[in-house]
Amino acid sequence: MAEILIKNGYVIDPLNGIHGEVMDIGVKNGKIVPPDQVDTRYAKIIDASGCLVVPGGIDVHTHVAGPKVNAGRLLMPQDHYKIGRVIRAIPGIRRSGTGKSVPSVTNIGYKYARMGWTTVMEAASPPLYTRHTHHELDDTPIVDKGVNLLLDSNWFILEYIENKDQVRVNAFVSWILRATKSYAVKLVDPGSAEAWSRGVATQPLNIDDVIPGTSLTPKDILTALANAVRDLGLPHPIHVHANMLGLPGNYVTTMKTVETVANIANKRGLSIHLAHLQFNAYKGDSYATMLSAAEELAKLINNLSGVTFDMGQVVFGGTVTMTADAPWEFYLYHIAKWKWVAKDVEAETAAGIVPYKFRRHVYTNVIQWGIGLELALLVKDASKVVVSTDHPNAGPFTRYPQIIAWLMSKKAREEEMSRLNKKAVKRLSLPAIDREYTFEEFVLSTRVAPAKIIGLEKIKGHLGVGADADIAIYGIDPRTFDPSREYERLVKAIKYAKYTIKDGEIVVKDGKIVKTVYGRTFYVEPPSEPKLESEVLSDVKEKFKEWYSVTLNNYVILNEELRKVEPIRTY
Amino acid sequence: MQTLILKPKYPFIVPVEVEKIIPDKVAGKALGEILKLTVYEGNRRKTVGDLFEVSGEIASKPEEQEIIFQNTSMKIRRIGEKMSAGKIVVEGDAGPLAGYKMSGGTLIIKGNAGPWLGASMKNGTIEVFGNAGGFVGSKLRGEEFHKGMSGGTIIIHGNAGREVGAHMSGGNILVEGDVSVLPGLHMAKGNILIKGNCAGWPGTHMIGGKIIVLGHVDSMVPSFTFEGIMPKVKFMGQKIKGPFYFFMGDLLDTEFPSGKLYILRETNKHLSFYEQFMGEVKDEWLEV
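Respectively, the protein sequence lines represent chains A and B.
Count along the first sequence starting at 1, add 16, and that's the number in our numbering.
Count along the second sequence starting at 1, add 8, and that's the number in our numbering.
With the rest of the complex left out, here is chain A (with noise of 0.2 Å):
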């Protein structure tokens, strides 16, 4: 691997203290060293007087891989036609690709990197298509990622809640999580999947609703797994998508989920991840009369240190939307009136996707883009707040350029608000705000902040001595570079990073991709106790015949499977 030496860069690395200085960054053998290890004799030198130098960027959640997005891919052709989008092949360099709301495979990896990003997370895929999904992460080039696992409907867990069996629920997560070689525990809108899949629910659950053939309600279900996330000393926190979402009045919901689990903090005191908390902060008893809530939960997330969340900012134009909340894509259809998929998965999940297109002229899209930005302002903290799009559900991931103009430069705002809803407009308080985000609150919100919450803040999310090497370089100064007034010339700097560095080589350069890599994927092991662990795979296996149409063997998903995997031990 070849020795790079950055040199006079302007570097902003929050971790280490660093907030604004010229420096230089020696890179070898896919880490950090310092400049003086790095023999300039052989070593590529990159000039970088006058650019910014972050840590790669993260993204906590997307959903770029598993069977749901290619389902989408089937279902959006017309995202495909666009012939301006295409990725040509370089032999050697790079493959080709299309698409922008659910680009192919190897667009994601390259898009990413584009912009400097070299993490991410996806967001949800169900423990028997994981496979499918590392399939996948394993072709998307360049990023590192992860997967986070959908527990919340699972039979086996419902039932070992049912009978307040928290130990056999801490011991099933946890070889589920070493069987399909997933990262962290999401829970998509608890319960509702499961009374969808009875066929009881058209609408989704209430968080003290009672889910239909169980004694439970979303709440167990939260409790149980932030129990056994915190017991098994996992890095990440339960990964929630509350209930009601998207229904206005939900941010009740979302205020009750987080009471629920509030006090159930992991090692570094984090206690839940909000997931595109923008769809879950809705006043209003109707989509006419809807309003923002993000004062409200700016406030509690203020007042609770272990509650972080994830922008799910909307972007305006057409898009695909996917979840594992099948009841409220079943609703969105009915709203959108245009192509559905439904799909159940066996005793695990089941999931949705609806096209949609976000309007500048409809009152509710307005409020919906006036919240997640109202949300990420409020919020003091920079480092609570991750920039998401939850891509490709309020638009795609190659637009966080924009979503960061928006959040350094209240001009941008002003501008995007004069072409909107008036209405609308008017019933915001994001006029109000003259908060602008400095650039070391865009690093926090991008690179620290989801290095944090993923628990890898030794490895990411920063620029010290045995760091990776996932570098962005981006070609403005922050020292002469006013972000207020020239925000195109940001959105543009970000879209295009001038370098991208990734485990210590050069993948992008001018915005263009120059090399392809393959990164990592993270899973966890989490400790078992092996006469508990047999124990619940006996009863695992038996019930195993009967739930499901694959095998045991077919299920678990070994290393030998995967290109490059990095386990991180928890014990």
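Keep in mind that the hints were calculated from the coordinates and are not lab data.
Cβ atoms here follow ideal geometry from the backbone N, Cα and C, with glycine treated the same way.
Possibly wrong hints are sitting among the right ones.
To be verified - Straight-line distance between alpha carbons at most 30 Å, and here's what the computed BS3-like set of lysine-lysine pairs gives:
(1) A:K528 <-> B:K54
(2) A:K525 <-> B:K44
(3) A:K474 <-> A:K511
(4) A:K355 <-> B:K118
(5) B:K28 <-> B:K130
(6) B:K90 <-> A:K373
(7) A:K511 <-> B:K54
(8) A:K373 <-> A:K508
(9) B:K109 <-> A:K373
(10) A:K98 <-> B:K33
(11) A:K427 <-> A:K373
(12) B:K90 <-> A:K528
(13) A:K353 <-> B:K155
(14) A:K98 <-> B:K197
(15) B:K118 <-> B:K17
(16) B:K155 <-> A:K359
(17) A:K180 <-> A:K299
(18) A:K180 <-> A:K272
(19) A:K98 <-> B:K28
(20) A:K299 <-> A:K439
(21) A:K373 <-> B:K130
(22) A:K98 <-> B:K54
(23) B:K28 <-> A:K511
(24) A:K353 <-> B:K109
What the hints assert, rightly or not - Here are the simulated distance ranges between beta carbons:
(25) A:Y303 <-> B:E152: 40 to 50 Å
(26) A:V226 <-> B:S266: 47 to 57 Å
(27) B:T46 <-> A:K525: 16 to 26 Å
(28) B:T46 <-> A:K355: 28 to 38 Å
(29) A:E275 <-> B:T46: 57 to 67 Å
(30) A:D224 <-> B:N51: 54 to 64 Å
(31) A:I351 <-> B:D261: 42 to 52 Å
(32) A:R214 <-> B:K54: 55 to 65 Å
(33) A:R214 <-> B:H165: 52 to 62 Å
(34) B:D261 <-> A:E275: 45 to 55 Å
(35) A:K508 <-> B:V22: 53 to 63 Å
As the list claims (entries may be wrong) - Sample of chain A residues at the chain B side, in silico, Cβ under 10 Å:
(36) L91
(37) M92
(38) Q94
(39) H96
(40) W354
Based on these hints, arrange chain B on the given structure of chain A.
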């Protein structure tokens, strides 16, 4: 009108995409520049000069430019895509997506045309002397409803494939030969005249527009209401003599249908049972 002639240098084995060779992009350029235009052969980036022998004259304005493709085969795709003026003559076959999204000018194909001929076209004229594939004047798969052809004229002297004029919202299509199933699927506006036979289900899901079939229709969709017998129908300003069975539909999509379907009485004896629903058939309805 100046004429530019392109001849393939060798028979193509993989598809060649020639969307760059249209009067709008060729006119006003030097021959050297045209030879350097990008053309993809499969996934390989080539230039016009690599694949075609180019000769002739170049006009200064697109309206005065004529482009002739000689010795072509079905492997050449996207001929005349997005052209807005001038004339393209294909002396041979044209592959899929010929005239896709074209907004003006004339495209003449002397041989056969592939599927998606004139898909989503907005204006202009396409004339095919051989047969055409499916989805003539249609939209591409997955796009929104009624985003097919919205204007212009397509004339096919041979047969056409399935779903002719699917999702069309304007313009005229004339097929002198036979068509396969589902002409005018999801049609919203515009006119289709089929002089030959139809393999079945004309006008399924249509919410507007007009379809005329002069040949035999193998089967009808049951969700059309029979309105009566019409002595004659207008198509592109000309009167076509009947009498025709006149249907409105499609009740699957709308309660108050405005899609009109005319089927010639003479060639469709098997539909005569509809006549019982209108009582006595008066002679004046049948007069020609």
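Results of checking the hints against the structure:
With a CA separation close to 21 Å, the supplied pair K528 of chain A and K54 of chain B stays within the 30 Å bound. Taking the CA atoms of K525 of chain A and K44 of chain B, the gap is about 27 Å. The hint holds against a cut of 30 Å. For the proposed pair K474 of chain A and K511 of chain A, the alpha carbon gap of about 27 Å is at most 30 Å, so the pair holds. The straight-line distance between the Cα atoms of K355 of chain A and K118 of chain B is roughly 39 Å, outside the 30 Å bound, and the hint therefore fails.
The suggested pairing of K28 of chain B with K130 of chain B holds, with an alpha-carbon distance near 19 Å, which does not exceed 30 Å. Taken as a hint, the K90 of chain B and K373 of chain A pair is honoured in the structure, with Cα atoms around 26 Å apart against an allowance of 30 Å. Taking the CA atoms of K511 of chain A and K54 of chain B, the gap is near 29 Å; set against the 30 Å cutoff, the hint holds. About 24 Å separates the Cα atoms of K373 of chain A and K508 of chain A, which keeps this hinted pair within 30 Å; it holds.
Proximity of K109 of chain B to K373 of chain A is assessed by CA-CA distance (about 23 Å); at most 30 Å being required, the pair is judged to hold. This hinted pair checks out: K98 of chain A and K33 of chain B have alpha carbons roughly 19 Å apart, not beyond 30 Å. This hinted pair checks out: K427 of chain A and K373 of chain A have alpha carbons roughly 25 Å apart, not beyond 30 Å. For the suggested pair K90 of chain B and K528 of chain A, the alpha carbons sit about 28 Å apart, so the restraint of at most 30 Å is met.
For the given pair, K353 of chain A sits about 16 Å from K155 of chain B by alpha-carbon distance, which is consistent with the 30 Å threshold. For the proposed pair K98 of chain A and K197 of chain B, the alpha carbon gap of about 26 Å is at most 30 Å, so the pair holds. Annotation: proposed proximity of K118 of chain B to K17 of chain B holds, straight-line Cα distance about 20 Å (limit 30 Å). Among the hinted pairs, K155 of chain B with K359 of chain A is consistent with the structure: their alpha-carbon atoms are about 28 Å apart, no more than 30 Å.
Annotation: proposed proximity of K180 of chain A to K299 of chain A is violated, straight-line Cα distance about 35 Å (limit 30 Å). Straight-line distance between C-alpha atoms of K180 of chain A and K272 of chain A comes to about 22 Å, which keeps the hinted pair within the 30 Å bound. Taking the CA atoms of K98 of chain A and K28 of chain B, the gap is about 15 Å. The hint holds against a cut of 30 Å. Straight-line distance between C-alpha atoms of K299 of chain A and K439 of chain A comes to about 16 Å, which keeps the hinted pair within the 30 Å bound.
Proposed proximity of K373 of chain A and K130 of chain B is supported: the alpha carbons are some 24 Å apart, at most 30 Å. Distance check on the hinted pair: K98 of chain A and K54 of chain B sit about 20 Å apart at the alpha-carbon level, within 30 Å; holds. For the proposed pair K28 of chain B and K511 of chain A, the alpha carbon gap of about 28 Å is at most 30 Å, so the pair holds. Distance hint between K353 of chain A and K109 of chain B is fulfilled; the C-alpha atoms sit about 26 Å from each other, no more than 30 Å.
Here the CB-CB span from Y303 of chain A to E152 of chain B is close to 22 Å, at odds with the stated 40 to 50 Å. Distance hint check for V226 of chain A and S266 of chain B: the Cβ-Cβ separation is about 50 Å, which falls inside the suggested range of 47 to 57 Å. Separated by about 23 Å at the C-beta atoms, T46 of chain B and K525 of chain A satisfy the suggested range of 16 to 26 Å. Distance hint check for T46 of chain B and K355 of chain A: the Cβ-Cβ separation is about 35 Å, which falls inside the suggested range of 28 to 38 Å.
The hinted range of 57 to 67 Å is satisfied by E275 of chain A and T46 of chain B, whose Cβ atoms lie roughly 60 Å apart. Between D224 of chain A and N51 of chain B the CB atoms are about 56 Å apart, so this pair conforms to the stated range of 54 to 64 Å. Take I351 of chain A and D261 of chain B: their Cβ atoms lie about 19 Å apart, and the range 42 to 52 Å is violated. Checked against the hint of 55 to 65 Å, the C-beta distance between R214 of chain A and K54 of chain B comes to roughly 58 Å, which is consistent with it.
As the Cβ distance of R214 of chain A to H165 of chain B is approximately 59 Å, the hint placing it in 52 to 62 Å holds. The hint said 45 to 55 Å for the Cβ distance between D261 of chain B and E275 of chain A, and at roughly 49 Å that hint holds. Checked against the hint of 53 to 63 Å, the C-beta distance between K508 of chain A and V22 of chain B comes to roughly 36 Å, which is inconsistent with it. Using the Cβ-Cβ criterion of 10 Å, the hint placing L91 of chain A at the interface with chain B is satisfied: the shortest such distance is roughly 7 Å.
Taking 10 Å as the C-beta contact cut-off toward chain B, the hint placing M92 of chain A at the interface holds, the least distance being around 6 Å. About 4 Å separates the beta-carbon of Q94 of chain A from the nearest beta-carbon of chain B, less than 10 Å, and the hint is met. Satisfaction of the interface hint for H96 of chain A is found here, the shortest Cβ-Cβ separation to chain B being roughly 9 Å, below the 10 Å cut-off. Proximity of W354 of chain A to chain B holds as hinted, the smallest CB-CB distance being about 7 Å (cut-off 10 Å).
Taken one by one, the earlier hints fail for this structure at numbers 4, 17, 25, 31 and 35, listed in ascending order.
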